[in-house]
Amino acid sequence: MPQLYSKYVFGDITTARLFYADVADMIAKDDGDHLSLAAVHELQVVFDSPYDNPDQGLVNRRLFDIVADEYTNKGGDAPGSSVLPGSATVTSGNDPDGIPYGGGRADIRLAVGGDGELYVLS
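Heads up: the sequence shown is residues 5 to 126, going by this note's numbering.
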């Protein structure tokens with residue numbers, strides 16, 4: 005994805021929120037002052053769910069919800085009222101937009117394939 009060239013991509017393991025910072029900005033802010041930080045931006049995820057009927061096509065989704073949908077559709081059954089297994093204080097509340105997470109942990113990991121493609125694993 006060309007838009008991510010020269011970007012440092014990272015994520016919050018539990019909530020599956022994805023972020024990026026410009027590498028040049030990170031290098032410029034490496035000035036010995038611990039208060040000098042590169043700007044951090046949140047990535048927006050656009051997803052075409054194979055489970056929606058009727059098909060909605062590409063829609064903005066939280067990665068946490070995509071992971072929860074995949075978990076459920078593959079037969080996962082989280083304990084209690086959580087949408088995902090595991091526990092984390094942050095997912096028992098709301099996201100920054102005030103939308104409840106539903107509990108559990110997305111446990112995302114990021115990897116880069118040999119072809120340079122970015123992969124998100126859960």
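Since the hints were derived computationally from the structure, they do not count as laboratory data.
Every residue gets a Cβ at the ideal spot worked out from N, C-alpha and C, and that includes glycine.
One thing to keep in mind: the hints can contain errors.
Derived Cβ-Cβ restraints for the label pairs, each shown as a range [said to hold, decoys possible]: (1) Gly106 to Asp56: 29 to 39 Å; (2) Met30 to Ser91: 29 to 39 Å; (3) Ala32 to Ser91: 33 to 43 Å; (4) Ile17 to Gly102: 16 to 26 Å.
Results of checking the hints against the structure:
In this structure the hint that Gly106 and Asp56 lie 29 to 39 Å apart at CB is violated, the actual value being about 18 Å. Roughly 33 Å separates the CB atoms of Met30 and Ser91, a value that falls within the hinted 29 to 39 Å. Our hint of 33 to 43 Å for Ala32 and Ser91 holds, since their Cβ atoms are close to 39 Å apart. The beta-carbon spacing between Ile17 and Gly102, approximately 22 Å, falls within the hinted interval of 16 to 26 Å.
Violation of the numbered hints given earlier is confined to hint 1; every other hint is satisfied by the structure.
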